Amino acid sequence: MEAFVAAMIVAATPLLFAALGELVAERSGVLNLGVEGMMLVGAVCAFIVAKSTGSTAAGALAGAGAGLAMAALFALVALGFSANQAAAGLALTIFGGGLSGLLGRDYVGVPLPKPGPLFPASWAEAIPYGKAIFGHDAMVYLALASAVGIWWFLARARGGLKLRAAGDNAESGHALGLPVLRIRFLAVLFGGAMAGLGGAYLSLAYTPMWGEGMTAGRGWIALALVVFAGWRVGWVAAGAVLFAAVTQLQFYAQGWGWRAPSQFWAAAPYLATILALALLAGRRTAGSAPAALGRIFRPSS
Amino acid sequence: MIRLEPRAAPSKLMAMLSPLIAILLTLIAGALLFALLGQDPVEALRVYFLSPFDDAYMRAEVLVKAIPLALMGAGLAVCFRANVWNIGAAGQFTLGAIGAGAAALFIPAESPFAMLAVPLIAGALCGMAWAAIPAALRTRLSVNEILVSLMLTYVAALLLDWLVRGPWRNPRGFGFPQTNAFPEWAHVPLLVEGTRLHVGAFLAVAAAAGLWLMMSRTLRGLRLRVTGAAPRAARFAGFSAAGDVWFVLLLSGGLAGLAGALEATSIVGRLQPEIGAQAGFTAIIVAFLGRLNPLGALLGALVLAVSAIGGENAQILLRLPKNVAGVFQGMLLFFLLACDSLIAYRPRLVARRRA
Amino acid sequence: MTADPSPPSFSSAVSARRPLFEARGIVKRYGSFTANDHVDLTILPGERHALLGENGAGKSTFVKMIYGALQPTEGEFFWEGEPLRLSGPAEARRLGIGMAFQHFSVFEGLSALENVALALPPEPLAALDRRVREVSGDYGLPVDPSKPVHALSVGERQRVELLRCLLQNPRLLILDEPTSVLTPQEAETLFRALEKLSAEGCAILYISHRLEEVRALCSRATILRRGKVTAEVDPRATTARALAEAMVGAEILDVKRPSGDQPRGEEILQVERLSLPADGPFGVALKEISFSLRGGEILGVAGVAGEGQNEFMDALTGERRAPEAGMIRIAGVPAGRLDPTGRRRLGAAFAPEERNGHGAVGDAPLSEALFLTRRHEAGAMGAGGWLSRFWAAGETRRIRERFDVRAAGDDPPARSLSGGNLQKFLMGREIVRAPKLLIAAQPGWGVDAGAAAAIQSALRALADQGAAVLVVSQDLDEIFALADRIAVISRGRLSEAYPAVGMTPERVGLLMGAGHSSPEAAA
Numbered sequence: 053m054e055a056f057v058a059a060m061i062v063a064a065t066p067l068l069f070a071a072l073g074e075l076v077a078e079r080s081g082v083l084n085l086g087v088e089g090m091m092l093v094g095a096v097c098a099f100i101v102a103k104s105t106g107s108t109a110a111g112a113l114a115g116a117g118a119g120l121a122m123a124a125l126f127a128l129v130a131l132g133f134s135a136n137q138a139a140a141g142l143a144l145t146i147f148g149g150g151l152s153g154l155l156g157r158d159y160v161g162v163p164l165p166k167p168g169p170l171f172p173a174s175w176a177e178a179i180p181y182g183k184a185i186f187g188h189d190a191m192v193y194l195a196l197a198s199a200v201g202i203w204w205f206l207a208r209a210r211g212g213l214k215l216r217a218a219g220d221n222a223e224s225g226h227a228l229g230l231p232v233l234r235i236r237f238l239a240v241l242f243g244g245a246m247a248g249l250g251g252a253y254l255s256l257a258y259t260p261m262w263g264e265g266m267t268a269g270r271g272w273i274a275l276a277l278v279v280f281a282g283w284r285v286g287w288v289a290a291g292a293v294l295f296a297a298v299t300q301l302q303f304y305a306q307g308w309g310w311r312a313p314s315q316f317w318a319a320a321p322y323l324a325t326i327l328a329l330a331l332l333a334g335r336r337t338a339g340s341a342p343a344a345l346g347r348i349f350r351p352s353s
Numbered sequence: 002m003i004r005l006e007p008r009a010a011p012s013k014l015m016a017m018l019s020p021l022i023a024i025l026l027t028l029i030a031g032a033l034l035f036a037l038l039g040q041d042p043v044e045a046l047r048v049y050f051l052s053p054f055d056d057a058y059m060r061a062e063v064l065v066k067a068i069p070l071a072l073m074g075a076g077l078a079v080c081f082r083a084n085v086w087n088i089g090a091a092g093q094f095t096l097g098a099i100g101a102g103a104a105a106l107f108i109p110a111e112s113p114f115a116m117l118a119v120p121l122i123a124g125a126l127c128g129m130a131w132a133a134i135p136a137a138l139r140t141r142l143s144v145n146e147i148l149v150s151l152m153l154t155y156v157a158a159l160l161l162d163w164l165v166r167g168p169w170r171n172p173r174g175f176g177f178p179q180t181n182a183f184p185e186w187a188h189v190p191l192l193v194e195g196t197r198l199h200v201g202a203f204l205a206v207a208a209a210a211g212l213w214l215m216m217s218r219t220l221r222g223l224r225l226r227v228t229g230a231a232p233r234a235a236r237f238a239g240f241s242a243a244g245d246v247w248f249v250l251l252l253s254g255g256l257a258g259l260a261g262a263l264e265a266t267s268i269v270g271r272l273q274p275e276i277g278a279q280a281g282f283t284a285i286i287v288a289f290l291g292r293l294n295p296l297g298a299l300l301g302a303l304v305l306a307v308s309a310i311g312g313e314n315a316q317i318l319l320r321l322p323k324n325v326a327g328v329f330q331g332m333l334l335f336f337l338l339a340c341d342s343l344i345a346y347r348p349r350l351v352a353r354r355r356a
Numbered sequence: 003m004t005a006d007p008s009p010p011s012f013s014s015a016v017s018a019r020r021p022l023f024e025a026r027g028i029v030k031r032y033g034s035f036t037a038n039d040h041v042d043l044t045i046l047p048g049e050r051h052a053l054l055g056e057n058g059a060g061k062s063t064f065v066k067m068i069y070g071a072l073q074p075t076e077g078e079f080f081w082e083g084e085p086l087r088l089s090g091p092a093e094a095r096r097l098g099i100g101m102a103f104q105h106f107s108v109f110e111g112l113s114a115l116e117n118v119a120l121a122l123p124p125e126p127l128a129a130l131d132r133r134v135r136e137v138s139g140d141y142g143l144p145v146d147p148s149k150p151v152h153a154l155s156v157g158e159r160q161r162v163e164l165l166r167c168l169l170q171n172p173r174l175l176i177l178d179e180p181t182s183v184l185t186p187q188e189a190e191t192l193f194r195a196l197e198k199l200s201a202e203g204c205a206i207l208y209i210s211h212r213l214e215e216v217r218a219l220c221s222r223a224t225i226l227r228r229g230k231v232t233a234e235v236d237p238r239a240t241t242a243r244a245l246a247e248a249m250v251g252a253e254i255l256d257v258k259r260p261s262g263d264q265p266r267g268e269e270i271l272q273v274e275r276l277s278l279p280a281d282g283p284f285g286v287a288l289k290e291i292s293f294s295l296r297g298g299e300i301l302g303v304a305g306v307a308g309e310g311q312n313e314f315m316d317a318l319t320g321e322r323r324a325p326e327a328g329m330i331r332i333a334g335v336p337a338g339r340l341d342p343t344g345r346r347r348l349g350a351a352f353a354p355e356e357r358n359g360h361g362a363v364g365d366a367p368l369s370e371a372l373f374l375t376r377r378h379e380a381g382a383m384g385a386g387g388w389l390s391r392f393w394a395a396g397e398t399r400r401i402r403e404r405f406d407v408r409a410a411g412d413d414p415p416a417r418s419l420s421g422g423n424l425q426k427f428l429m430g431r432e433i434v435r436a437p438k439l440l441i442a443a444q445p446g447w448g449v450d451a452g453a454a455a456a457i458q459s460a461l462r463a464l465a466d467q468g469a470a471v472l473v474v475s476q477d478l479d480e481i482f483a484l485a486d487r488i489a490v491i492s493r494g495r496l497s498e499a500y501p502a503v504g505m506t507p508e509r510v511g512l513l514m515g516a517g518h519s520s521p522e523a524a525a
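Which chain is which? The protein sequence lines are A, B and C, in order. In terms of our numbering, the first sequence has 113 at position 61, counting the first letter as 1, and numbering is strictly consecutive. In terms of our numbering, the second sequence has 258 at position 257, counting the first letter as 1, and numbering is strictly consecutive. In terms of our numbering, the third sequence has 164 at position 162, counting the first letter as 1, and numbering is strictly consecutive.
Calculated directly from the structure, the hints in this document are not laboratory data.
Simulated crosslink set (DMTMM-like; lysine to aspartate or glutamate; CA at most 25 Å straight-line):
{"no.": "1", "chain 1": "C", "residue 1": "Lys-438", "chain 2": "C", "residue 2": "Glu-498"}
{"no.": "2", "chain 1": "C", "residue 1": "Lys-230", "chain 2": "C", "residue 2": "Glu-179"}
{"no.": "3", "chain 1": "A", "residue 1": "Lys-214", "chain 2": "C", "residue 2": "Glu-116"}
{"no.": "4", "chain 1": "B", "residue 1": "Lys-13", "chain 2": "C", "residue 2": "Asp-412"}
{"no.": "5", "chain 1": "B", "residue 1": "Lys-323", "chain 2": "A", "residue 2": "Asp-158"}
{"no.": "6", "chain 1": "B", "residue 1": "Lys-13", "chain 2": "C", "residue 2": "Asp-365"}
The model shown is predicted, which means the values in this text are computed figures rather than measured ones.
Produce the complete structure using the sequences and hints provided.
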């Protein structure tokens, strides 16, 4: 069971990165459906850089940078050219799928050493479930720290207030002199960097290797997480862990004697996403979407 | 710097030019990409976009590729017009193939139902059933159809995978995950001997033309357009929004199912894990390239089919990886969206204002 | 003012003090349309200056430039004699220019305190909370800062916006149509606060099209018509008629006042104990609305924004169904559960407030708009839902001729028409059917004076032919010009309908504010 919990936390990490990034972008009023594409490009760039430098940190940084660059492309089209956000996000996902396959074609199946745990092994042995708590690499804790940081930023910081204002009513924000488009641009870039980190975690630590389409819909699950977490940070974190548990079923269910075809367990996360969306949809207490989400805004001059 | 200013009325000229400009920009960006990959850009572009016209077989292959793209693209064009975002055409395509497969594999040859129309209809119905899930969730619980339809593509792929590795697997298939070959009666007749071009081409043209007429001349088309452009006006007119969501999802799901059924009963001739469902995503670009107009989708399907065949040729002739196609498609959609903003906005060069 | 080309009648008193703010020759063009045409305006420290004009005269455009939210095409601003170039609203606020918008620039998802904080330099929220409570006490503008704005009433939201301005210690405060959403009593509270503010030395630029208010509050008025300054006067020393003429030019029309003893036909619309829960967190619930309407009469439903008019309209049109069929009867038939088309078949016609996107689709041609409300008529559609273009073209032509709808081309998109012409078309679309019942929301909103008068007389003519007409409006002038009987909607309740002859704006105002006592108590 300890192994399952530990694996769950590891599996939650990429979802958490990506969903937190999307949460920030959506709170500023921008719906970026390109998470999957940004994660893939982040994953492949991270892998290539880590392989050639031997540094996981450099790889993670490259992943974040790649995600950010992808998000910049989206922002240019969706914000700069006022294009439909849903369509621009789909373009980003298609583009990212192709680009990552192209960049990573010489790296498929190449092995990479797993990054070691952040804390000394003695900590993990000192307490029950210590391995699930202290046994992870640095990126797991970075994801947790960023959840706390983003919560603080949105709830307490002035920048967070401006960001929420941009997502609530762009016209009012503009009338008040807020640089709405700039705020949204930055939020989208941040979301891209986080998605890139999520992808990087998959290729650097979770697997660790590169395979085409390796995100397997995690970007989309991250998008769903934001919706049923009601755009709240704490619920995103809880949801990520829950979903990670479902993704781990395919590895553990057989061992526990639960009988079903392997494809069923592989489909479980997608089915669980649909189920969760359906169950939480009726509940109006679950928080509400930013009022300006997905709406095109062009400042008048 | 360049600023975009709203136009008084949408520019008709830009609406025509935008796809052409986008294709041109994609070609330029593609040439740069090929140069980066160490290829001669001119030669690479030739292989990509002209080699599909080199001989009759290749030209027929373009049409073969265009059939599912046109069927799905026309359905999605109607769907997107109504502001319903079905992005799970790939899943509905897979279900269509499964439905056609079930009919082809399990209807005995002596049955009166052993005729080609049955697997095709079964496929369309299965695609509709798959699309009914997001429709029901959206109309009953207002669950976002984007996420549900997309999630269902993964589920569909795994369902097909399970079927062809498990219960429907051909025991004499030398360990390959595939079903028996479909019986003779369940094969789509060819249009031109010596090619793979089949009568599905007629269905694609008929679907696109029919949907175009529906959208431009009938009350159903009008209400879909009104629902998409101004939901309040649709309510005021007494159009039921739920009815529209059901209609467009079942329509696009049914067409995607039909495309999947055609693919299974013509090109592949059996079920296997890989049946070309990726076309469901390409169809999104087809719909946009065709200005969300069903007839336009027909043209869009041809353009993307050319690049798909060109991509296969490039894989063989230039050893270019197949992913270049995805890069191209993504770029094309990006350029298209950027150019489309020039329909509603006028670009103007202005002096940078001091801060 | 030497720069002023037109002779302002009261300029001699002005030149004594140095102006706080001055605009010279301001021009704002959008493409070929000139919103402001060489506008000059001077504001003295501590004065209450009105900017008067009809809807669409260019007032909002002009003040947005003063606030830095728009840039002028030509002309110059001066602040205390120095040339002023604003890069944006933030710079305007730094100088001491504050603005309260007509459509409030508040954020519904944020708390009142957060709304205020956004406009001010960073400071701890606890300290700001104290300051907000202090200032709101000083000026008599009570608001709970911790409440989310979507939970506040319209009047409270405006106070949030005002407090936001006041906390910046403005030297010039711009208010754009601030009373359009207030009850007369709430407006009084606002005027007291503004008088106190100007006594403290803050200049106020007050934008309005309501003459009485301006005469009560302001010592100087600049009047705009079609983007040009037509006069600068002392409103207290000028008659309302002179002000009105400067606003609307020679087009002023006396609309025939209803006599009050119209012949009454049979009951065409009966609404009985209609209740409807609020639609979402920002909606208003309708509570036990009952009234009836006879052929030949016009019922005016007055009320400020956000008191349930939209919900009332939605319930009458069928965009939202009533819980029971019998709650609404059209021509005697229970219609509460019918959709808009079903109600239209019974002879009802509707004209919503919002023309683009509700009454019609902005990008769609005019002829298509006919199918939204009249597709059930003979000849409109063939078998299988085929639309008759021939019918649509003929009807479009007929409406355009009869109602003098001016637009470029045979069948232009709705968006390309001016507000007045589009409204004439959409009203015409319903009136040429000769409906038994016409329900219109804000028929004169955003419409030029000429079109407004044409629409009013068309509505009156329809009633005279025996139809029942219901007009929902926030504009009391419009209500009084049209209605035979007047009812007031407030917090989702509808008052009894009283004969227009005995009503005054004051009594309507009391009905708007204090729930629903009888008019005797109100009088």
